[in-house]
Each structure stands twice: as structure tokens, then as C-alpha cells.
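Take the sequences, apply the hints, and build the full model.
Here is how the chains run, residue by residue.
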Amino acid sequence: MKTFNYHSAKDVKEASKLASSNSAFLAGGMTTIPSMKLGLASYKDIIDIKRIKKLTGIKVSGKTVTIGATTKHSEVASSKDVKKAIPSLAALAEGIGDPQVRNRGTIGGSIANNDPAADYPSACIALNATIHTNNRSIDAEKFFRGMFETCLKSTEVIETIEFSIPEKSSYQKLPNPASRYAIIGVYVAKHKTGINVGVTGAKSCVYNDKDLAGALTKNFSSSAIDSVKISSSGMNSDIHASSDYRANMVKAFAKKAVDAC
Amino acid sequence: MASLVGSRVERKEDKRFLTGKGRYTSDINIANQTYAIFIRSPHARAKIKKIDTSKALKSSGVVEILTGEHIAQDKIGGLIAGWAIRSEDGSEMKCPANPPLAKDSVNFVGDPVAVVFAETLDEARAAAELVKVDYKVLKAVSNLGEAMNSEAIHDGIDKNLCYDWLLGDRQKTKEAFDKADKIIKLDIVNNRLIPNAMEPRACVIDYNTASEEITCYTTSQNPHLSRLIMSAFGGVAPENKLRVVAPDVGGGFGSKINLYNEEIVCSWASKKIERPIKWVAERTESFLTDTHGRDHITHAELAVTNDGKFLGFKNETIANLGAYARVFGTVTPTYLFGPCATGVYIMPAAYSNVKAVYTNTAPVDAYRGAGRPEATYTIERIVDKAAMELGMDPIEIRMKNFPTEFPFKQTLVHQIDSGDYVAGLNKAKEMADYDGFSTRKKESESKGKLRGIGVTSYFEACGIAPSPVVMMLGCGVGLWESAEVRFNPTGQVTVYTGSHSHGQSHQTTFAQIAADELGVPIENIDVVHGDTDKGTFGMGTYGSRSLTVGGIAIVNACKKIVNKGKRIAAKMLEASPDEVDFKNGEFVVAKSNKKKTIGEVAFASYLPGVRDEVKSPLPEGDEPGLIESSFFDPANFSFPAGSHICEVEIDPETGHVKLDKYTAVDDFGTIVNPLIVEGQVHGGLAQGIGQALYENAQYDDSGQLITASYMDYTMPRADDLPDFNLGFTCTKATTNPLGVKGCGEAGTIAATPTVMNAVINALGGKEISLPATAEKVWKACKEMKKTNAEAA
Numbered sequence: 001m002k003t004f005n006y007h008s009a010k011d012v013k014e015a016s017k018l019a020s021s022n023s024a025f026l027a028g029g030m031t032t033i034p035s036m037k038l039g040l041a042s043y044k045d046i047i048d049i050k051r052i053k054k055l056t057g058i059k060v061s062g063k064t065v066t067i068g069a070t071t072k073h074s075e076v077a078s079s080k081d082v083k084k085a086i087p088s089l090a091a092l093a094e095g096i097g098d099p100q101v102r103n104r105g106t107i108g109g110s111i112a113n114n115d116p117a118a119d120y121p122s123a124c125i126a127l128n129a130t131i132h133t134n135n136r137s138i139d140a141e142k143f144f145r146g147m148f149e150t151c152l153k154s155t156e157v158i159e160t161i162e163f164s165i166p167e168k169s170s171y172q173k174l175p176n177p178a179s180r181y182a183i184i185g186v187y188v189a190k191h192k193t194g195i196n197v198g199v200t201g202a203k204s205c206v207y208n209d210k211d212l213a214g215a216l217t218k219n220f221s222s223s224a225i226d227s228v229k230i231s232s233s234g235m236n237s238d239i240h241a242s243s244d245y246r247a248n249m250v251k252a253f254a255k256k257a258v259d260a261c
Numbered sequence: 001m002a003s004l005v006g007s008r009v010e011r012k013e014d015k016r017f018l019t020g021k022g023r024y025t026s027d028i029n030i031a032n033q034t035y036a037i038f039i040r041s042p043h044a045r046a047k048i049k050k051i052d053t054s055k056a057l058k059s060s061g062v063v064e065i066l067t068g069e070h071i072a073q074d075k076i077g078g079l080i081a082g083w084a085i086r087s088e089d090g091s092e093m094k095c096p097a098n099p100p101l102a103k104d105s106v107n108f109v110g111d112p113v114a115v116v117f118a119e120t121l122d123e124a125r126a127a128a129e130l131v132k133v134d135y136k137v138l139k140a141v142s143n144l145g146e147a148m149n150s151e152a153i154h155d156g157i158d159k160n161l162c163y164d165w166l167l168g169d170r171q172k173t174k175e176a177f178d179k180a181d182k183i184i185k186l187d188i189v190n191n192r193l194i195p196n197a198m199e200p201r202a203c204v205i206d207y208n209t210a211s212e213e214i215t216c217y218t219t220s221q222n223p224h225l226s227r228l229i230m231s232a233f234g235g236v237a238p239e240n241k242l243r244v245v246a247p248d249v250g251g252g253f254g255s256k257i258n259l260y261n262e263e264i265v266c267s268w269a270s271k272k273i274e275r276p277i278k279w280v281a282e283r284t285e286s287f288l289t290d291t292h293g294r295d296h297i298t299h300a301e302l303a304v305t306n307d308g309k310f311l312g313f314k315n316e317t318i319a320n321l322g323a324y325a326r327v328f329g330t331v332t333p334t335y336l337f338g339p340c341a342t343g344v345y346i347m348p349a350a351y352s353n354v355k356a357v358y359t360n361t362a363p364v365d366a367y368r369g370a371g372r373p374e375a376t377y378t379i380e381r382i383v384d385k386a387a388m389e390l391g392m393d394p395i396e397i398r399m400k401n402f403p404t405e406f407p408f409k410q411t412l413v414h415q416i417d418s419g420d421y422v423a424g425l426n427k428a429k430e431m432a433d434y435d436g437f438s439t440r441k442k443e444s445e446s447k448g449k450l451r452g453i454g455v456t457s458y459f460e461a462c463g464i465a466p467s468p469v470v471m472m473l474g475c476g477v478g479l480w481e482s483a484e485v486r487f488n489p490t491g492q493v494t495v496y497t498g499s500h501s502h503g504q505s506h507q508t509t510f511a512q513i514a515a516d517e518l519g520v521p522i523e524n525i526d527v528v529h530g531d532t533d534k535g536t537f538g539m540g541t542y543g544s545r546s547l548t549v550g551g552i553a554i555v556n557a558c559k560k561i562v563n564k565g566k567r568i569a570a571k572m573l574e575a576s577p578d579e580v581d582f583k584n585g586e587f588v589v590a591k592s593n594k595k596k597t598i599g600e601v602a603f604a605s606y607l608p609g610v611r612d613e614v615k616s617p618l619p620e621g622d623e624p625g626l627i628e629s630s631f632f633d634p635a636n637f638s639f640p641a642g643s644h645i646c647e648v649e650i651d652p653e654t655g656h657v658k659l660d661k662y663t664a665v666d667d668f669g670t671i672v673n674p675l676i677v678e679g680q681v682h683g684g685l686a687q688g689i690g691q692a693l694y695e696n697a698q699y700d701d702s703g704q705l706i707t708a709s710y711m712d713y714t715m716p717r718a719d720d721l722p723d724f725n726l727g728f729t730c731t732k733a734t735t736n737p738l739g740v741k742g743c744g745e746a747g748t749i750a751a752t753p754t755v756m757n758a759v760i761n762a763l764g765g766k767e768i769s770l771p772a773t774a775e776k777v778w779k780a781c782k783e784m785k786k787t788n789a790e791a792a
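Chains as they are written, first to last, in our numbering: chain A, 1 to 261; chain B, 1 to 792.
None of these hints come from the bench; they were simulated from the model. Predicted, not measured: the structure shown is a model, and the values here were computed from it. Heads up, the beta-carbon is just placed ideally off N, CA and C, and yes, glycines get one too. Careful: at least some of the hints might be erroneous.
[What the hints assert, rightly or not] Below, a list of computed lysine-lysine pairs in the DSS-like style, where the Cα atoms sit at most 25 Å apart: (1) Lys782(B) with Lys251(A); (2) Lys779(B) with Lys251(A); (3) Lys785(B) with Lys229(A); (4) Lys251(A) with Lys785(B); (5) Lys2(A) with Lys132(B); (6) Lys229(A) with Lys786(B); (7) Lys251(A) with Lys776(B); (8) Lys447(B) with Lys251(A); (9) Lys229(A) with Lys449(B); (10) Lys786(B) with Lys251(A); (11) Lys776(B) with Lys203(A).
[Said to hold, decoys possible] With beta-carbon atoms standing in for the labels, derived distance ranges: (12) His299(B) with Glu167(A): 57 to 67 Å; (13) Arg16(B) with Lys84(A): 39 to 49 Å; (14) Lys142(A) with Tyr710(B): 28 to 38 Å.
[Unchecked claim] Simulated coverage check for chain B against chain A, where a stretch passes if three residues somewhere in it have a Cβ under 8 Å from a Cβ of chain A: (15) 707 to 716; (16) 763 to 776.
Pasting the structure below:
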């Protein structure tokens, strides 16, 4: 690991001020630290935001669940409020990585990293999330830009993620047998305003599958999915799953998700 | 005193392992130590044009940088193959030189070319990045199937062929096939595995400039063998100036049998730089450079009659040795594989033909089961295929071909002393509720799932022996084992064994044996192993040999102790030695009912005289002390056997295979500690299941290992496995006084075919290759659906 300057920010303003194009915010460190140890990433400044109290916690209102950026996966998974308001979101958190990862990894870290096989981005898409930063509020559909890429600026700090509470929802994933990341993960959510199908793992970036959502809008049942054609073009392909398999699994897991709603 | 052999004695090791107090090689630090980082080839095959260390040598904290040139200058020898195998035509096998640091060419990704020693690990890493190696990259031979038609990797080794070996009788087999009603054919690839010991390899070297002794702490399954090879072949130091210590070792599975490049290089370098050296592998280095396992391409044929009797069997295999032949590399696909090719069956004629080839991949060597899993997989798959093609039940066809009389002369080599294969399979059938399968299958089908059942019957040959035979077959050493039993004057016992425990729990099992033999409480018995400065020369632990060979050496040494004790007790009790009985730790003279405990006799043996209270003149001709040693060389291998049955449930929508039930019935002869044996079976099963469903080491065309981390190499996990339903039958081994058979590898040997037979059964007999990953199974389900639709 290359040497770096460590800062522990006392508030969001200080964290943002310390940030530059050669810095990284540190929350759970579940990706940043291994990347640095493996020599895949190096930074001049590491800005620890774990001590900023404002960034952690869960609030449920009538229509939304708002989760602080440095809230750990284990906290979301075990939150009675989340389990009651959006049980599928708590279940998603429970299925991330392993207990060690869930006890350190944070929701803000996960979405800021935007790993194409991460679980949370699909929740953001399916649950019409708004990502609140120190500067602005961003719709999830605009937030995720591409592989490991978001619209965040280097000095921008995610403060909270606000999820809409759906009528029904379910997240179903096919875990990579080795890493347990999603080979594909499908998050189906039925809101009063419409249906979203957030798909992770399948392509270079999470997306809302409009074809599946369209079919489900007409008929919210797993049989409605049978007639949807999902192309393997643009799907990821690796030693664990070909693009063809992934395309088929998007469908299979969308059906599972609808059945579980 | 109740016998401890057969009791579920809790492990003596647990306290330190479960509380984090184990002392592993990387826990050892020596004052003033330097840190080593090896520079490894990023190419699978290349010539080394030039190595420039000038910039790196100036880097902060660097003590020294050494390369293959230095190794050559100091005439340090390389790594060796431990078994010389002859080809069918009588020619000797061909092995390339394998210097500890490559000088002229590199032959797999990870092959070390240079080493940096620095004051800190970070400094060593930083300097390693500055070493410039100029390679001329050559086309890699990474595909096993094409290796014999590819350019020769090593000078003078045509077709990359190490040997073309035959066991059995081609003519007799042909005659048997000519008489067959049906010939069943099967092509399989036995997937390559990476052993993945939890503790990565490491070594810490301490050179004493005054005594000129090198101490090498290392992660080895056999420290004495490592010392022997390092001394006799490496030329690092004479054996008396070389101490090898393998302290707590976190798993080996065969991958730590070998002496590796790093131990030779660091031991040699420590003397050169006159500083202690510490090297600990990173996980990526473990993936790249630990010896791998399996990796065969096999074509097999089974000749059968219409009523399911086996007439003959052929096994034609190409085995991958990787880039170099290592200690058990050449014997694993021959004598550990070939004889087991015909499985547990009466097979009137058979042969195994193995072509072992070199490729630009990591060396392949023994991995838990070593040869026997590959052989068992082939025969058990083809027997299932035969049952299907003949319309027979898989249990029926097996029963029909089992031997029922023992000793049983197996077709290819072995004289199996004892066993009862019928009883084992019957017990497994009952425990697995085999007859209830069709009901469970219907239940699965009602949920849209497929269910399959798989059966395997196996025998294996472990505890390789006797030495004269082993050496005749090409082994460079004898495979006996040693033990020494020492009484302290105050009655506690220390047992020294040449075996090595890296998870096998010798401290407990061996203490149980000694406690029974000597009648001493188990708390008063300590077992010492893993240090060439303590105890006699030993051969180490691999091939399920510790108990059947090493354990018996302990029994024999204890018997010698008792014999000497009888003579001393006789003198003390004023009787003749043949009037003294030994039972439960007491020497008793029946006619006078006078007795002495073994502790009193031990005390007396160290105080040979008469003074005040002490009245213990030794018998004439006996020396003081109570210490005996024994070298045990068994008359034969041991032959554990058993039958396993499992059920899988498959989701045809996703291809996910759920291992639902697993029943294992094994015959290990006498079981010393059921708790430990069950643990061995559990671990073995997990690794066998891993091969069937998850693990697969893959190289790309350029020879890059694309499964070099846990992100891509799939290990079996606890939540992939069901509760194992274990049962045992017992036919005692007749080749050792305890009647014990090896138990360490059986689970790994049986589990892979059991699981695959179940998967293929669920798929209606459709063959799929190892491992049965979700995508492969999904594709097979899709094709099955299509075939069924067309048929309808």
C-alpha cells in the first residue's frame, strides 16, 4: 500500500473541503481498502467520514425510508422500521457479502462505488430513490452512470438515500458462487405511480428494465414475464455466467421476484 | 481402566486452536529478520534475456537481491520428482531441471526468477517493483489436450511427454472385450483443483553464524523429507547443520508435501546474507504456486454382459504434470491412480494407460486422495452409465460385481486384506432411505424441481507400503514411520512421532493409543512432532498414513517399553519376567499378587541401585532409562472402503443444484477416535463436493490463471452443504495390530462421483462435465425439456 494522508472529518463541510481529485472518502472501506492494498488504487488523501454523526441512521416517514450514507448493511438488515416499511430492502441488506462485510460496509459506500454486481443500486432504481448530497438531490436513474461511475463530483458527499415505500416489492438474486456478488439481481417494486424492475449484475451498470416493467404494468404476475424477450446483447459474460445465461436469469429471477411480492 | 481407543476424546489441540493460541510459521519472528519478496514470472513461457537489479539495489532498506545466476554460481540444486516411473516401453521418465530461481527460462506464471531481501516488508515490495526482467515471451502450452502436439517446453522432452505408462494386460483386456455383450464408453475431464490450505505457505529462516546451523521454520507436512531434499539435492547444508521445524500448520491436503523454491532460496540466502529471513505467501502466490491437483483427460471403456457382469475395463488417461515434476507428481497419476481404476469390483481383465505431460501451468501433485479420486470418479461414473444403458438399478449392478471373499486379489495390483462391501452398501441404502427416493422425487416434481440420487462404492489404497515394494515401484525413499516413547523418571510420557499433524489431531489420537498401551492417563502423555531436532527421522503425513503406519510405530515402541518394564518389575517383585503380567498400567505377579505401577518402574529404571528407600537394582544386561523407539514398515497398504449415497434437487429454471441429503458409510477398520474421524469425513466430503459442484482452476490460452482469487475460484461453503449422515462398518485391517485403516481421504474420493451421479440421474442420464455449475446444469435442463417435448 502506498502512503497517504489520513483525515477524520468532523462534519460534511470539512470532508468536502478536504476532498480533491486525488482523494477518497472512507466509510466502511470494503472496496477502497482492498483496492489500495492490492495496489489497484492509491490516493493522496483518505477522508474518513465515519465519525460524522449526521450521516448515519434510519428514518421512516409515511411514504419514504431515509437511510444515512454511513449506515451499515447490518443496521439496515436488522432495522425493525425498514423490515416493516420495505421488507425487501432489509432482506437485500441481509444478503450482502458476509457478516464481516455487513458489519462494516455502508449503503453510501456501496452506491458511490457503483459496482456493476452490487445489490443496493438495484434497490435505488426500483424504489425511486433520491440521493441527497451536500449540494443537491439526485434521482437514482440519473445517479448511476456506468461501470463504477456515478454523477458524483469528487468533493460531493452523499448524506442520505431516500427510498419510496412501494405497495409490494421483492429482490431476488443469483449469487456468484465464488464471491457471492450478484451474477444477476432483480428488484421488482410496484408503486402507486408505476412499476420498476431494477436489474444489477447483468450489464456494466444497474438499469431499470422497461420491458419487464411494461409487461408487469399490464399484468402483475410472473406469467406476464414469459412473453418478454430479453436480449443477451450488452450483458456481461465471464467464467461463471455467459451473457445468454444472464439474459435468461434476468427473466427467471424477475419471475421469482414477482412471485415473492 | 477403560480403553481410550474408540472413545470420543475431545481434542487436546482444541484449546490452542480455538482460542487463537496456535503457533504457525508466520507467528514466528526473529530479531533482526529481513523480509523476502519473490519476483515471479508474469508469463507462462518465456526466455529470460536479462535481469537488471541495479535500481532496485539502491532502493531504501534493501539488503540483497539474488537471482538464478547466484543460485547457479553457488551450485544450489533444484526441486525433484520423488518417484521414477518407467514407460510401457521400458524407458525412463523424462524430467526437466527445476532450479529454485529460474535462470534461463520460466515455465509458468508464478515461476520465481529473483528475490529481494529488505529491512521491512514494504521496502521489499517497493524494491521488487524496481527489478527489471527482460523476457522473450514464447507461445505457452496451456491446453492439456493439445500438449502432446505442441512445441516442446523443455529441451529434450519430445511431445512434452514425461512417460507413457501401462499397468495391466492389454491383450487379456482385448480378449475380454471381444466377449462382451455391450461396451460402455465414457469421456471425462477430471477438473483441475487448487488445494487452498487455510494457512498460506511461509518460511522463517534463522542462520546461526557461530554454529553455522540453519533453522528453517516452514509450512511442511514432512519436515524430515524437506531437510533431506534440501540437503541431498539442494546442497544448502549438510543434514546435521540443517534443522527443519514445521510448527502448527494450517492444512496441507498434499500441497505442503513438497519442498518449494522459497524454502531452498531463503535457507541458502540466510547463510549468504547472515541475517534471518521471513517469507509469507500472499494468497495470490498460493493460488499461482502451490501445487495443484487432479487435471486428467480420460477415455474409459467397460465391457459388460447383458445381465450386468463386468468383463473388462480400459482407462486411457492424459495427466497434467504442470511445468515441472515434483515429489508425488509422477506417482499420483500412476501407482496411486492406476491400481484403483477398476474400483471395488471383480474385473477379470483391465489396464490403465497414463500419458503424463508437461504444460506451462503450476506443477500438479498430490491433492487429498491423490490419484484415487480420479480413478474412482471414472469407474463409478461408467458403472452408473452401464446400469442406465442396461436398465439396471445402480445398487443392483454394484452388488452383482462386488467381491465377497477376502483377502481379495484386485485385478491390477492390490491384495485387499479385509472388507465387506455388501454390508457397507446395504447399510448406506438403509440409512439413505433409498427406497423412499421415488416419493421424494415426486414431491420435488410437484414443486417444478428435478431430483436425482447418486450412489458410489469405493475402495482406496492408502498408507503406502511396504518399503521394498514402494522402492521397487520407483520411490526414492522407504515409506516406513518412526516413533520414540520416553518415560520421564516421574512417570509422564513423551511420544515422538515422525508423522506430522497439520489438522489430523495426532496429539489426541496418538496419546489415546499410547495411553491404552501403557496404562498412563492421557493427560500425562504429550505427543511431539514436526521438528528434525526432536525425535527420530520420520516420513511425514500424506496418503492417510499417519495412524496406519506412524500410529503402529508408537504401539510397537510402547510394547518394547512394556517388555523392558516387565524385566525391571520382575527384579523388583522378585519373580521371573515371564511371571509378570502387564495390565492397566500395572505389572502384576499372579502367584504373589505383588504389583508395581508403570510409573514406579519408570522411576526405578532411572535409579538403578539400592539406597535408603530406593531399592531398584536393574536386571543384569539392562541399561538404565525407559526409552524405546520403533520403525514400522507395514506388510501392505491399508484398504478403507465404503458406499455413499446422495440426493440433489435441481431448479431447472436456474440450474441451481441443491445438495439435499448425503449419506456416507465407511469402513475404516478400528476407529480410534470417532469424533476426529467424523471430522475427517466431513472435511473430505466438502472437498469432494467442491470438485463436483464448484471448484475449477482455469488457465486461459496464454497460460494466465484466471481463477487466482476467491472472487473467481469457488470454494464450497458451509451453507452449500447438508447435514452429513454418517455411518460406519468395521472389518479390521489384518496388516497392523490395531486393525486400523486410513480415513483422511475417503470422503474426497467418494463424494465427487456420488454427487455427479445424482446430478446426472436428475438430468435423466445426460452427461455433463465437472464441475456441475448452475449454467451447465441449466443448459442440460433446457435440452432435456426440448428432447422430452420432441419425444411427446
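Hint check:
{"no.": "1", "hint": "Lys782(B) with Lys251(A)", "result": "15 Å, holds"}
{"no.": "2", "hint": "Lys779(B) with Lys251(A)", "result": "15 Å, holds"}
{"no.": "3", "hint": "Lys785(B) with Lys229(A)", "result": "19 Å, holds"}
{"no.": "4", "hint": "Lys251(A) with Lys785(B)", "result": "18 Å, holds"}
{"no.": "5", "hint": "Lys2(A) with Lys132(B)", "result": "20 Å, holds"}
{"no.": "6", "hint": "Lys229(A) with Lys786(B)", "result": "19 Å, holds"}
{"no.": "7", "hint": "Lys251(A) with Lys776(B)", "result": "18 Å, holds"}
{"no.": "8", "hint": "Lys447(B) with Lys251(A)", "result": "19 Å, holds"}
{"no.": "9", "hint": "Lys229(A) with Lys449(B)", "result": "24 Å, holds"}
{"no.": "10", "hint": "Lys786(B) with Lys251(A)", "result": "19 Å, holds"}
{"no.": "11", "hint": "Lys776(B) with Lys203(A)", "result": "21 Å, holds"}
{"no.": "12", "hint": "His299(B) with Glu167(A): 57 to 67 Å", "result": "59 Å, holds"}
{"no.": "13", "hint": "Arg16(B) with Lys84(A): 39 to 49 Å", "result": "46 Å, holds"}
{"no.": "14", "hint": "Lys142(A) with Tyr710(B): 28 to 38 Å", "result": "35 Å, holds"}
{"no.": "15", "hint": "707 to 716", "result": "holds (count 7)"}
{"no.": "16", "hint": "763 to 776", "result": "holds (count 3)"}
When the structure is compared with the earlier hints, no violation turns up for any of them.
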